[in-house]
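Chains as they are written, first to last, in this note's numbering: chain A, 2 to 329; chain B, 5 to 347.
Bear in mind the hints are in silico, worked out from the structure with no lab data behind them. Quick reminder that beta carbons are idealized off the backbone N, C-alpha and C, glycines included. Misleading hints may appear alongside valid ones.
[What the hints assert, rightly or not] Here are the simulated PhoX-like pairs of lysine-lysine, each with C-alpha atoms no more than 25 Å apart in a straight line:
#1 A:Lys64 x B:Lys45
#2 A:Lys171 x B:Lys143
#3 B:Lys338 x B:Lys45
#4 B:Lys243 x B:Lys190
#5 A:Lys64 x B:Lys192
#6 B:Lys218 x A:Lys171
#7 B:Lys93 x A:Lys64
#8 B:Lys140 x A:Lys171
#9 B:Lys282 x B:Lys313
#10 B:Lys243 x B:Lys98
#11 B:Lys251 x B:Lys154
#12 B:Lys53 x B:Lys251
#13 B:Lys266 x B:Lys45
[Unchecked claim] Just so you have them, the derived chain A footprint on chain B, three or more residues with Cβ under 8 Å:
#14 158 to 170
#15 184 to 195
#16 200 to 212
#17 243 to 249
#18 303 to 309
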Amino acid sequence: MATAKTTLPNAGPVTGSRSFLSRLRDGDEIARLTTMVFAASVVLITLLLVYELWTGSALARAKFGLHFLVTRVWDPNIDQYGALPFMYGTLVTSAVALLIAVPLGIGAAIFLAELAPPRISDTLQFFIDLLAAVPSVIYGLLGVFIIVPLMRTVIFPALNEPLGFMPFFKGPSYGVGFLTAGMVLAIMVIPYIISVSREVLLSVPRDQREAALALGSTRWESTWKVVVPFAKTGILGSVFLALARALGETMAVTMVIGNTPTISASLFSPGDSIASVIANQFTEATGDVYLQALVELGLVLFLMTFILNGLARILIVVTTQKGSGVPV
Amino acid sequence: MKRIAVLVVGVLALGAMVWAAQSPLLINGAGASFPYPIYSKWFDEYHQKNPNIQFNYQSVGSGAGIKQVTEGTVDFGATDGPMNDDQLKAFQDKRGSAILHFPTVLGAAVPTYNVPGVSGALNFTPEALAGIFLGKITKWNDPAIAGANKGVNLPANDIVVVHRSDGSGTTYIWTDYLSKISDEWKSKVGKNTSVNWPVGLGGKGNEGVTGLIKQTPNSIGYVELIYAAQNNIPYGAVKNSSGNFVKADLAGVSAAAAGAAKDIPEDFRVSITNAPGKTAYPISSFTWLLIPQKFQDAGKREAVKGFLKWMLTDGQNYAEGLSYAKLPKEIVEKEKKAINSIQ
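Here chain B stands alone, though its shape is the one from the complex (with noise of 0.2 Å):
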């Protein structure tokens, strides 16, 4: 019996200390969904890569990722809509160091519709999407939309807004554009990851809105570019500040990351909507990871750093088989320099 025993203590001591052997190092970070396919993809990429070191990511969503890093219960963030000048100072005064910005992949949000006749791709402009979602423009033949559509046959009827009803990086970029291109957007409703719509009805998630649009006709609101891409949903193409009607592709998104690049701060804080370029698409942004310059830990530090040149070099390759557009070289190479300032 007690030989058992022992025998019993013994294994489970080697099992024990095979797996502390073998125990990678685990780095966690929580915050955005809208990168949650590309990060689970990255992250299992290199712990296959360096069986050492394991990343493990939930997707909580922005607001409650830069809350996170802050307070300290992740050694990382991730958003969709960089932080603002409160939320830097905060991280600061808790954590006594600055937190990084550091763009992985860019996303873009579309233009979806229902109306009945029209099976074409429809054109946009920012003025008759600014005044679509203000609830001023309310017809769909509308002269701001029918301008920009000759040909097609518009309807007379009464157009249904759609947009999201969950906080959501999809709609920090979609009113973040709006805010650029109309005045009084910016002043009555302004850009936010939830804000106070004007009209419309609201639906949970890329699916909610594209399951009203699909029963409600006369209907538009606005989808992630990867969601509408992989659902073969029908979106309009949305004129650019160089007056061409880009329909979005990876192309195109990377474009308006391109075209902002000369002028992008140190910081990469920066929202590339409405950015120049003649083949930019204007509804664009970048997603970010929120990196802390301080690590404690110097394992850490070296592992999430060798993490990021392998994410802006080789991880790159797989953004497009997912869906998503890559940095351009301009980004990239800024990004390189900005590693070495992580302590």
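Bound conformation, chain A alone (with noise of 0.2 Å):
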């Protein structure tokens, strides 16, 4: 752009330098509009998605009301659809793979940012970025061939013979289930965890450390009781970021957990979730009716991230509050 406005004069008669220099503030006007219009797609294109989603569930919404979400039932021949069972598998699973990943991606993050040394941290960290960039119907073959027939022979009856008592851990298992589900996406979710949370703990400033170890602490004191409350709103971002990413898994979560819509308190029981019914479904899905149930499964998919977001928001607000910490 600056290239072609610098080349004008040239073209013609010489305009007079004022109104040149005029020009290029309002190139700097351009650029502002430029990159707000730019700014404003994302809100434009999230209004857009809503909208979209919500007119076009509009036959489901009138037929089912807020049935709709605590019906069972999901059956096209009598046209009768419920979102409840997807709803549970789409929490549960995410729910699996955070409690998986939280405690290994920010165990890994603190000793890849504060415990290693840099040569071995910037190594491991070029495997995570690796990872994080891997699709995910990869993950869903590992967990096909991997974690299904483990998760049947080994992890199944070693859970199942000491805690079967309890109705989480209550058998029969097929290898498929809210269980696998979870732990591929733990697999999936874990490389955002570290790569950000690892960055956030580089970012805590050197002093903080250098202070703590001046009044006495050890190393790990410093870090654990200093540098990660210092980080905690990043490293809860972080954890935020992989929820959304488990809540809208579709290829990986389709092929392990199993496609039946089941509300069951045990793990190993196999479930369904909404991306995975919408991704399973849409393609053959006839009359009106069913199509839009998907679509308002879409807007129940949404809604239910921006809420866990707005919690999310909510909880750094308020953890902040209390003290430690930067401002987001």
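From these two lone chains plus the hints, build me the complex, please.
Next up, the structure:
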């Protein structure tokens, strides 16, 4: 853009330095407006998405109302649709994923940022970035070929024998199910948690650590009691990024969840998730209500993500108000 | 400088003219993915023979195919399950003319299983299949299964049912068959490209179902015949309406179509599951092209009619090489007459 402007005066009679300068100033204005439009487009796309999901599900919303959220039946033959088992599956698999991924991810990030020699840290970071870029279908295959058989033959007996009295660990296990999907999701989101948390920990000012050490704390005490609390909001941010990814993951979940809309306390039970059922049924969905029920599921997933993100914001605000850490 | 510019423009214009002269008449279609391999073969072969006509087919699924042809975004559709009366009416209302079904080839669904200690092909009665998929028969040594498999040592293990999780023409054929042989299935579950399964795990695609069955001992599911044949997946025989156990093959599927040919309605919307015939394989089905009865564009109309005639004659010879069953003669003759009604 700048070059086009500077060549213009050569083409015709010289227009004078004042207007040229003002045009440059106009350039500032143009840049401001252009970038503002780019920023606004994000909001526009979100609004458009909500609008499309809302109008695209009008029939289903009119027919089922709020019952859609509490009904368990999903039957195209009698045109009855309910989102409850899919919502349950989405939440349970994401929760399992976070339960596994958060301690592992944050622990790894602390090691890489605080304790590991820089060379090892950088090398490992390279592999972690690589993992974050692997397409989800590959993780799905990993799940199908490794975790599913392992679940049936090793993990299920190991958990069911001592803990089978609890509803979470009741059998039988088919290999596929909530726990398997949660584990695959955990593997998928760990790189996000590590990457973002490591960056946040590295950006904690050096004098924070030095002050802690000068007061006589050990290396671990300075890390755990000073650096990590300082980086808390950023680490929470990484966890919510991971949650968002887990909620919306489609392909890898479809491959290992069992695709049966059940609500069961047992983690070994097969289930289904919102993203998975949309991907499975959208292409062959005929009737209008059927199609719109699937769109409404999309709306429900959007709202769930929206609400969870809102809660995350509130959590961050509340925890930062209590003291330590940088404001968001 | 100017001369070069003129030259470049000239060459581009010439190229555009040549391209325009050679660009063939493009006819767009969309729909079922099950017949995609043979459709793409047909459209390719037909284009070789008629360079001025090119078909473009997107295998987006039967549901999407019906939707797109109704909305007029494609010239023709394709489906594994015939359109129902509501959909026909929707087409009539929207486009002001009817839509015609043309059977192209036949497919079938076969029961496949993984039972430890059983290597040969198992025999399944309709009662056994319905009972298993309704969740009423839960053990492999149930008399309903064992009775048809004398001499096979069936274990007393729980049956794990596997079905398709994605909407699919194969599921349509399978549930259509179960609806015909079991009143309970018909009233409780019904037929569709995806249904509310009473029991079982879902696998995405034929490969997803096969993968689950291979990994899960004591499981049973269903896949397309063509998929089982190409991947050497063992499958069982099913008792047909004449009381014979038939292990699916292309001849058995064609026999089912021939058995149903007598009673086939004029619009070809017919299910041939559980068809009469001694050698008929009972879980078979047509797959259809959906052609609007009225074309605005005369060129497209003639091209489509020409293709349909070729598909019914020379085109059928490609079917068996790709593991599809051919249409029986009776159906071909009926369809040839139907082509004339396209205006």
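Structure-based check of each hint:
Distance hint between A:Lys64 and B:Lys45 is unfulfilled; the C-alpha atoms sit about 44 Å from each other, more than 25 Å. Annotation: proposed proximity of A:Lys171 to B:Lys143 holds, straight-line Cα distance about 20 Å (limit 25 Å). The hinted pair formed by B:Lys338 and B:Lys45 meets the criterion: a straight-line CA distance of about 24 Å does not exceed 25 Å. In summary, the hint linking B:Lys243 to B:Lys190 is supported, as the alpha carbons are separated by about 19 Å, within the 25 Å threshold.
Of the pairs offered as hints, the one joining A:Lys64 and B:Lys192 holds, with about 22 Å between alpha carbons and a cut-off of 25 Å not exceeded. Only pairs whose Cα atoms come within 25 Å are accepted, and B:Lys218 paired with A:Lys171 is accepted, the gap being roughly 24 Å. Only pairs whose Cα atoms come within 25 Å are accepted, and B:Lys93 paired with A:Lys64 is accepted, the gap being roughly 22 Å. With a C-alpha separation of about 22 Å, the suggested pairing of B:Lys140 with A:Lys171 holds against the 25 Å cut-off.
A hinted pair counts as satisfied when its Cα atoms are at most 25 Å apart, and B:Lys282 with B:Lys313 does not qualify at roughly 30 Å. With a C-alpha separation of about 43 Å, the suggested pair B:Lys243 and B:Lys98 falls outside the 25 Å cut-off, and the hint is violated. Between B:Lys251 and B:Lys154 the alpha-carbon distance is near 17 Å, which keeps this suggested pair within the 25 Å criterion. Annotation: proposed proximity of B:Lys53 to B:Lys251 is violated, straight-line Cα distance about 37 Å (limit 25 Å).
A C-alpha spacing of about 30 Å is found between B:Lys266 and B:Lys45, which places the hinted pair above 25 Å, so the restraint is violated. Note: the stretch 158 to 170 of chain B has 4 residues with beta-carbon separation from chain A under 8 Å; the three-residue rule is met and the coverage holds. Given a C-beta distance limit of less than 8 Å, the hint that chain A covers the stretch 184 to 195 of chain B holds, as 3 residues qualify and 3 suffice. Coverage of the stretch 200 to 212 of chain B by chain A holds [criterion: at least 3 residues with CB-CB distance below 8 Å; count 8].
Interface restraint, the stretch 243 to 249 of chain B with chain A: violated (0 residues with C-beta to C-beta distance below 8 Å; minimum three). Chain A is given as covering the stretch 303 to 309 of chain B, and this is violated because 0 residues of the stretch bring a CB closer than 8 Å to a CB of that chain, at least three being needed.
This entry does not satisfy hints 1, 9, 10, 12, 13, 17 and 18, going by the numbered hints stated previously.
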